[in-house]
Structures are given as structure tokens and as C-alpha cells.
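There are 2 protein chains.
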Amino acid sequence: MVVGICGGGQLARMLALAAHPMGIRTLVLDPAGDACAALVTKHLHGAFDDEALLDELADASDVVTYEFENVPLDSVRYLARKVPVYPPVSALEATQDRFGEKNLFRELGIETPGFTAVSSQPELESAIQEIGLPSVLKTRRMGYDGKGQLILKEAADVEGAWERLGGVPAILEAFVSFDREVSSIAVRSRDGEINVYPLSENLHGDGILKTATSKPHDPIKPLAQDYATRLLEHFDYVGVLALEFFQVGDRLLANEFAPRVHNSGHWTIEGAQTSQFENHLRAVAGLALGSTEPVEHTVMINCIGEIPPLDAVMKVRCAHLHDYAKAFKPGRKVGHITVRSSDPDYLKQVTADICNLQG
Amino acid sequence: MVVGICGGGQLARMLALAAHPMGIRTLVLDPAGDACAALVTKHLHGAFDDEALLDELADASDVVTYEFENVPLDSVRYLARKVPVYPPVSALEATQDRFGEKNLFRELGIETPGFTAVSSQPELESAIQEIGLPSVLKTRRMGYDGKGQLILKEAADVEGAWERLGGVPAILEAFVSFDREVSSIAVRSRDGEINVYPLSENLHGDGILKTATSKPHDPIKPLAQDYATRLLEHFDYVGVLALEFFQVGDRLLANEFAPRVHNSGHWTIEGAQTSQFENHLRAVAGLALGSTEPVEHTVMINCIGEIPPLDAVMKVRCAHLHDYAKAFKPGRKVGHITVRSSDPDYLKQVTADICNLQG
Chain A
570 MVVGICGGGQ LARMLALAAH PMGIRTLVLD PAGDACAALV TKHLHGAFDD EALLDELADA
630 SDVVTYEFEN VPLDSVRYLA RKVPVYPPVS ALEATQDRFG EKNLFRELGI ETPGFTAVSS
690 QPELESAIQE IGLPSVLKTR RMGYDGKGQL ILKEAADVEG AWERLGGVPA ILEAFVSFDR
750 EVSSIAVRSR DGEINVYPLS ENLHGDGILK TATSKPHDPI KPLAQDYATR LLEHFDYVGV
810 LALEFFQVGD RLLANEFAPR VHNSGHWTIE GAQTSQFENH LRAVAGLALG STEPVEHTVM
870 INCIGEIPPL DAVMKVRCAH LHDYAKAFKP GRKVGHITVR SSDPDYLKQV TADICNLQG
Chain B
570 MVVGICGGGQ LARMLALAAH PMGIRTLVLD PAGDACAALV TKHLHGAFDD EALLDELADA
630 SDVVTYEFEN VPLDSVRYLA RKVPVYPPVS ALEATQDRFG EKNLFRELGI ETPGFTAVSS
690 QPELESAIQE IGLPSVLKTR RMGYDGKGQL ILKEAADVEG AWERLGGVPA ILEAFVSFDR
750 EVSSIAVRSR DGEINVYPLS ENLHGDGILK TATSKPHDPI KPLAQDYATR LLEHFDYVGV
810 LALEFFQVGD RLLANEFAPR VHNSGHWTIE GAQTSQFENH LRAVAGLALG STEPVEHTVM
870 INCIGEIPPL DAVMKVRCAH LHDYAKAFKP GRKVGHITVR SSDPDYLKQV TADICNLQG
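Which chain is which? The protein sequence lines are A and B, in order. Following the numbering used here, the numbering of the first sequence begins with 570 at its first residue and continues without gaps. Following the numbering used here, the numbering of the second sequence begins with 570 at its first residue and continues without gaps.
FYI, nobody ran anything at the bench for these hints, they're computed from the structure. No incorrect hints appear here.
Put simply, identical chains are the same to the list, so a pair is met inside one copy or across any two.
Distance condition first, Cα-Cα at most 27 Å in a straight line; then the derived DSSO-like pairs of lysine-lysine:
1. Lys790 <-> Lys884
2. Lys784 <-> Lys884
3. Lys611 <-> Lys902
Whole structure, please, built from the sequences with the hints as guidance.
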């Protein structure tokens, strides 16, 4: 069994590391010469729209998947004519336009913050009348990690905002004063079996995920699971899907979903019976899913810009380092550290210690 | 940090897979063109006594370790003149002669079965007078997985036995009618910190390990830990060490030790906070050790000769496959399956199921 992966970053790297013990071979296609997955699997080096490379990937693979949602749709469609591609192209397409994505949530009965499409400054101004302030103006396409968005707090922020965002099709969303951010990591097999992990409780800073904590037996999990299941069934989905929410009281407002393994699910390597990476591979390879039951409690802390000194990390009791072997660069996710313990209080204390290590 | 490894089999493969997330690079030296570690790390292909390759390994590595105890002593000594080598050469040397090994146990106050050296048929016959029958005649050097030994049950078996074993220096050991076989997997850092895993309870068949079960809080662990600690301190040891025992009542009789990660510790990947592979790397790299506390209960089942169909393995709840990517061959260890559960009764039932899958 060979699984081809579009993209050779840390998600592909962790998929490849999960594949080796299962006897599944992987190979990645990535334009970067220093793609970090290349250290652990075979690397096809070139552009995502290089047809010769796409042919090579399709020919070498029993099934193809992708590690990020900005892979060109045309490339994925090209591959899908030659080899099974999971998750389905329709799910990938749905995430590439924030407006369509939010409309889909609404159609499926998944609650969202208020939103409206905006294609000009005058449209923005009338949208503000509808949505109110504060609100968030986002490009409809190609945003990630807080990039491609502006927070509009007061009338002065609205002036010229559409041009400041780049003068591109956009969406205005109500700013949600949430109690917390959570995500649901779910997986669906080719046979339609669905397993959902314990809820992740997520903290962001500067638009980037900082920590994700597993919340076994969280009271709002059934609602998150219901919403994730609607999406999975809508797409006849295969693979792991991540659905991010704002929680307000006992409501969950869907923010976005990712048709792939997700940063907020990295804790599953230590904190679940089967990691999201193994379960994604099981699903796309047509195998039975693994248990998503929790193993103790876990917190994942992203290493952004740099990884603390190895020696210091190793001294943190029950810490598990995941170094992506990427060059350090401000704002870049270069690794993560998961701490696993039967004592959730220890996790709170140690999270602060690790954040301090990062300076 | 680069860790060079003499040997490129499954133990090196699992070391390399544990090294990647820690940001530790590995490379292996192995004469086999199809060394299974080569799929996950760099492979220096050639003989263990090829000085040019040993130079290359030493030059590329910050520290060198080895994955099996039959690597030539001269090669390890050669490397040790150029680069730190852990575990220490003295420990490796001690395991290469069963008689010296047993004498060392005796010197350190570690109980053993009765034994005596045998270098001829007449010596064997007088040894039988001392040790009695049944007993086991073993070559002093180069035995593994039950190879290089004869069980002598009655007088007729003794006749010509020394020649049948190959006419080489041997050791006669009392056959122990044990209650069970157990092993202690322990690790010592460069600073002298020692961590010991929960006891492993081991079942062998045809001289090969069939299953190993983690035994958190086993009442005889303190004695096993005491014995392992004596060995670690004797050698000023660095790395993982496995010490195998026969248990008879509340006594532990040491059978042999291995100066390396060990098959009976494979369950630590899922069943301990830190795997034996990660802890071996931490130790030899001069880092702090990771916790050896248990995570739930685990049983490891060796796949001997072949791995059951992937699809069938994946259907076993909480099973974790470790495929070594080795060609199937009768009697060869080609993978293992670990099952982790909070319910030890489930492990008993599922072990039988998995053994049935193997036919």
C-alpha cells in the first residue's frame, strides 16, 4: 500500500512517520527543496501543477491525499482522474472559499457567526450595518493562521478596509465574544464508519494556534460530534476532518473546517489510542478505523519561531517533543511539545513552564 | 545531534523512528543491502570491519551506539577511539561470553541458575555430575533466539552432546523449572540517573520470544530493579539495558542481559510514558531521561515469519502494528503488534485472537 501526499510539510512528515510502522509506504510532492517530510519519506520535488510529477505521484500511489487545503484544485482533480483521492475534492473545494463554506454550514444546520459576502468598499459599509462592529473582514480565499484578515473595531477601521485587505472578494463576519475555542477532530472510513476524538480546547495568539488541550468527556462534545458528522456525511467524506468552533454558552458557532489532519489534533499522537495521522491513513487506505478514545490527559504546545533547547525540553516530566526539522523563522510553526499525564492540574502548570522556555 | 548505529535491523529502525521527532539524526552501518532501517534513515552499506565505513560513521556521528551484541568488539573499540560509544564496550564484551556473564552476575550478588564451563565431552560429563539433569548446554559465544543450545534431559542426550553443539567452548546450565520468565528494562543516563520500566512478563516458544506483557506494580519488580541497577552501576552504563530472569517463587534467577533496547521492551512504545527507544537515545545523547511510568496495560505479540493481513490487524480494537518492512521468512521476527488497554482482561482475550490471526 502506497499513499501519495500533496505537500511535504510537517503534516506530511507526521503522516509518513505514522505510516512506517503500519507497513504503508508514502511519498510526497512538494515544491520546496527543504520540505521537512523529505527526511522521512520519498520526495518528488517540483510544482503542484507539474503534470509529469503528478503523473509520477499517481502512478506510484494506490491512493492520494493532501496535507493542506491550498493545494491547487486543478491538480487534485487531475490526480483524481488517475487514482483515488481522499478526502473528496468536493470537501477541498468547499474550504477554498470562506463564503461558500459558511453557507454550507448554514445549509447543514450548523450554527455560525453572522456573515455576509463583501466585494467592494460600499458593500463592506452596508455589511457593517447588518453585522455590526466589532467584526472581522476576511479574504474569501487563501487565508491561514490569521493571515488575510482585518479586525474592525470601530467606524474608523472600516474606512478603506476592503482596499487594505487587497481589494479581493471578502467576507465580513461578526466578531464573536466567545467563552472558548474548541475543535472536533473526526474521521470517516471508506465504509462510512465515523470516529470522533475527544474535544480539543484551543488557545490562539496573533492568529496562530498556541495550545490545544484534550478534553475527555467534555459536556459539549455531543454537539460538536453531531456537527462534524453532518459535514462528513454531506461529502461522503473519507479521512480526518477538523471543525473549529467558537463556544458561547452552550452554543457552538462553526468558524471553519479543514479537510485534513489538523494542528489542534496533534495531541492525539500521545493522547488517544490511535493518532489522527494513523487514522487518516487507515481511512484513505480503506482499512478499519482505530479507536479515538483518550489516553490520559494531554496538552499540546506549539513551538513557534524556534524550539527551546533540547536539553531543557527533555527535563520537563512527560513532555514529548515533535521537531519538524524546519529552519527557525519568526512566526513559523517548527515543532510542538505534548505533555501527557493522568493529572490535568499538572498539565496547567507545565504548560506555563514550557511557554516560559520559549521566551 | 547525530547518533550513529551499528546495525540496521528493526531495533535501529525503531530507534530512528523515535529519533526523528526529537530532532536527532541517525545513520546506520549494516552489511545487508536490504537493512530495514534504511527506509527511515541513512544507511552506510558495508561490513562492520570496513575501516573506511567505520571512519565515515564516526566522523558523521556525535555519539555511536549499537543495536545488537554480536557486533565485532574490535569494530566497536575502533569507533570508541574516535567518538563516544554507549553503552560502554565493557558491557558489550561481557555479553559476548555466557560464562563470563554468569560469573559477573554471581560477583554482583545477582542470583543465577547453577552453571559451569565446559570445553570438552569429558568436562561435560563431569559438569553433569555437578549440575544434574535436565540441563542446558550452550555455546559461550554468538547464540541468540535459542540458537546454539541443546537441552539435555537424560543420560542418552549427554552422549556426544559437546560435539553436536559444534565442539566449541560451552557452558552447562541447570534447567530451571520456572514459574514465569520476566525481564527488567532499565536505562541510565550519562549523569548516572536510572529509570526502570515496569516488569515485562515474557512467553517464549521454540526459543523465540512470543509475547511480552507489561506488569505495572508487579510485586517482584523491586528485586528486578535492584539487580538491574547493580549491573548498570558496575559498568558505569549509559543507555538501555535488558536483564532477563527466570522467576521461581520469590526468587529471580538471571539468565542473560542485553546491552541494548530489547524485544521484551517493545511494548514501551505505547505502554510507557517514554519508549525504550527514546530513552536509549536520550541517554546516549547526554539528555535527561524520560519517565518510565506505565500508560495503561499493554501486551506485545511478535509476528514471526509473517505479519497477518493488515486489514485483519486493523480490526483488532486498540492494536498497534509495527511492521519492520522485512521479507517474510519462517522463524524471522518481521513485526510486532502491541495492544494497549486499561482493562488487562481484554489483553488476555485479544492476545489469543491475534495469535489465531497468525495461523
